[in-house]
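Following the hints, position chain B against chain A.
Protein chains in written order, with the numbering used here: chain A, 1 to 471; chain B, 1001 to 1471.
Calculated from the structure, these hints are not laboratory results.
Among these hints, one or two may not hold up.
[Unchecked claim] In silico DMTMM-like pairs for lysine to aspartate or glutamate, Cα to Cα no more than 25 Å straight-line:
{"#": "1", "chain 1": "B", "residue 1": "K1407", "chain 2": "A", "residue 2": "E322"}
{"#": "2", "chain 1": "A", "residue 1": "K407", "chain 2": "B", "residue 2": "D1015"}
{"#": "3", "chain 1": "A", "residue 1": "K469", "chain 2": "A", "residue 2": "E411"}
All values reported here derive from a predicted model rather than from experimental measurement.
2 protein chains.
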Amino acid sequence: MHSEEFRRHGHELVDWMADYLSGVGSLPITPDVGPGDIRRRLPVSPPNEGEPFAVLFDDFRELIVPGMTHWNHPGWFAYFPGNNSAPSILAEMLTAAMGAQCMSWATSPAATELEQVVMEWLRQMIGLPEEFVGVIQDTASTATLVALLSARERATDGASGRQGMEGGPGLTVYASAEAHSSIDKGAKLAGYGLDRLRRIPGDEAFALDPAALERAIQEDVASGLTPACVVASIGTTSSTAVDPVPVVAEICRRYGVWLHVDAAYAGSAAIVPELRGYFAGMDLADSVVLNPHKWLLTNFDCTAYYVRDRDALLSTFSLTPEYLRTVHDADVVNYRDWGIQLGRRFRGLKLWFVIRSYGVEGLRAVIRRHVGLAAELAGWVDQAPDFERMAPAPFGLVCFRYRPAGKSELELDGMNQRLLAEVNATRRVFLTHTRLGGRYVIRMAIGQRATEREHVVQAWELVRVAAGKLR
Amino acid sequence: MHSEEFRRHGHELVDWMADYLSGVGSLPITPDVGPGDIRRRLPVSPPNEGEPFAVLFDDFRELIVPGMTHWNHPGWFAYFPGNNSAPSILAEMLTAAMGAQCMSWATSPAATELEQVVMEWLRQMIGLPEEFVGVIQDTASTATLVALLSARERATDGASGRQGMEGGPGLTVYASAEAHSSIDKGAKLAGYGLDRLRRIPGDEAFALDPAALERAIQEDVASGLTPACVVASIGTTSSTAVDPVPVVAEICRRYGVWLHVDAAYAGSAAIVPELRGYFAGMDLADSVVLNPHKWLLTNFDCTAYYVRDRDALLSTFSLTPEYLRTVHDADVVNYRDWGIQLGRRFRGLKLWFVIRSYGVEGLRAVIRRHVGLAAELAGWVDQAPDFERMAPAPFGLVCFRYRPAGKSELELDGMNQRLLAEVNATRRVFLTHTRLGGRYVIRMAIGQRATEREHVVQAWELVRVAAGKLR
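In isolation and in its complexed conformation, chain A is listed as follows (with noise of 0.2 Å):
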């Protein structure tokens, strides 16, 4: 294809996006298709001569985008948000047409820079201080990784790394029993051993208790083992609930043990300085997760993670063989030795478009709008007589369930489970659930760009309306 010929293409794509941007909230927010009814219309084998776009293009609005899940659609209330926005989404346009692999400070010198720069404004924003560097990952399951390895390689003083873990000291990590699952991944991936891994029980808000935290540790002292890191949460998937960070900061200091503090979704929102109470604690840390991808409009992949210890990460992470090596290395960051991947894209310049687009104000605006609704929805919940909150609402989700009286938890399950299907079927909303102390839950996450009152207000008639229909 001819550089005209995308210049002519590129323009009705932008048209289309145009149109999808301002008009996906009308569309059906999960797609009516069954598993394999995708996959049966597409031919098995491909195609030996090239074909026109007009008939890719085609293709992709046809079969393509009725078999999305809309993450862009102001129904949006699932999972936790994914969003976009034009900024971010312009700035991939740049991105995919420079196609720059920025492994190294050579092989892009702008996009290096420019992401020390966004990570420095990050950091400020969310008042981390001055001593944390920060590195653009794909996602918090590969940051917390990064820290687990991390973790690993000072317990054992580069030992695991270079000799391997068989004959070293057993490890252990320690969380809440609500936190991440990507803990429980990365405790295998990383060798420690899924049964090294410590579930603390949480208090009645779903936070880790510290004084059981602590009785893990010694136990495990006690024992033999070596406790290398501990993960802490601020804001879980399940009912963001709020780990005490500071006194688990300092419980980690006294024994000498790695503190990641898991903010994937939450962490946005410390740029708001009346929420940011609740991120005491994270300046203590030795390594944070955020997601600009999940509450700050920067298209995904977009995971900030900041270490205090620089050295530590790049023993870990930093080999460089002959054909890597460049006569800038000593003077330069080269971010390939930050993480796992050695290929990077240039993911600095969405959060940069966006930063600048939105300006900090406005980002804490969309943000304050999203949590103010959340405390909307949770009073509504609150006062309804048949239904019942069940978590606490720091952020921007509200985790409920539909109680009429005289059922047993059991029947509640069941009923929860239908009312949610139901409420899904419209296809005009997307919520999701999870277990909260083995109960059924309904999560209503507010936190897409797009969502307004207006369809929060509608999310709940909705479920309101299912609720009825179950009596």
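Here is chain B on its own, set in the frame of chain A:
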């Protein structure tokens, strides 16, 4: 930014992108900047209020573009190619606009099923047997780590992941002396330990010596260690050496060792029938990695990872907490269980657009052109009296050095280092180096989409002129 503003700016950007694609060849391929030059021109703190997009776009053009290394410049002969193409960029635009997060089938059915389809198309294109299933990973580093982790779990029957590695057997990994540094990194991160990676000597063509491999395995077994994984390279990074995979596979079979084939760069060439011979034995692997983002014109990141035993992959990476369960889990592929990351971009679309837009024959023609140009360049090197070719050139890479008579090896190393710096200082082409057999070697990798014979001629002329100045 409203959708109409997005539309206006999107059109502006498409024009810039089309001009960039057609004009990048006239830009300096590498920027004339030193460490910190770009960073110093950017504000140290983020703006409080939003800025107009016109200002951002101006800054992009004036500060960022002149600071970039242009990977899609036709004078690109550095590292390996990192290609994009018009259909791939168009797909990235649509992907960015939808902003879907494709962790599960339910979070984006069309993305999951399209990924299945294009991975199946590519499997056919490269001639892997039907039992292989594919998944798109971000990078070959990640894919190789995934292979090492799967091999670790298989070698310990899952005990490593469950109980941790510290009480288990000592596990070993094998690769040629020339294999990629991601294997060191993976052996370190996966807990094998760097010391447990056996670098097997190569022959005169830098390919792994299978007799030495078998001896190393036998010695390790005799020492009570457990050989877990062999990484065979088809196309090493330094010189595109091809390991004798059929023999290696037979050794792996005999000792029950996981065979991972790293064809990150060269794997794309397996779509060309007359080059298929280099990939003999790939069908006997347990896992294979190749990067469509290198030579198949698909924007980074797009790594194809194929595995024979899907269960070995899933049992290593699958973990499903309550908040991620869906009613379809039993009937669908949830790609979050196929790798390290939970969150995933919609990466199948760009590969689909590329394969359909070029057709298999069109992609073959691109690779044939590059391989033909490399053969031609290799011939020029061979005929030039003061130059020496340093390795076979089966694909698009030619390794050579300047070798005037009467110079010591040390002098030659220094001369070639200066020669390379001189050539790159023209900023018209970009070549990189490696060391082979201890000697400083210039690598010229022909594989950029827009590279034609004239660009190779020009580069070779620049090399000879620079060599002339060294006399």
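Going down the list of hints, with the structure as the test:
A hinted pair counts as satisfied when its Cα atoms are at most 25 Å apart, and K1407 (chain B) with E322 (chain A) qualifies at roughly 23 Å. Restraint check for K407 (chain A) and D1015 (chain B): not satisfied, since their Cα atoms lie roughly 63 Å apart, outside the 25 Å limit. This hinted pair checks out: K469 (chain A) and E411 (chain A) have alpha carbons roughly 15 Å apart, not beyond 25 Å.
The structure does not agree with numbered hint 2 stated previously, though it agrees with all others.
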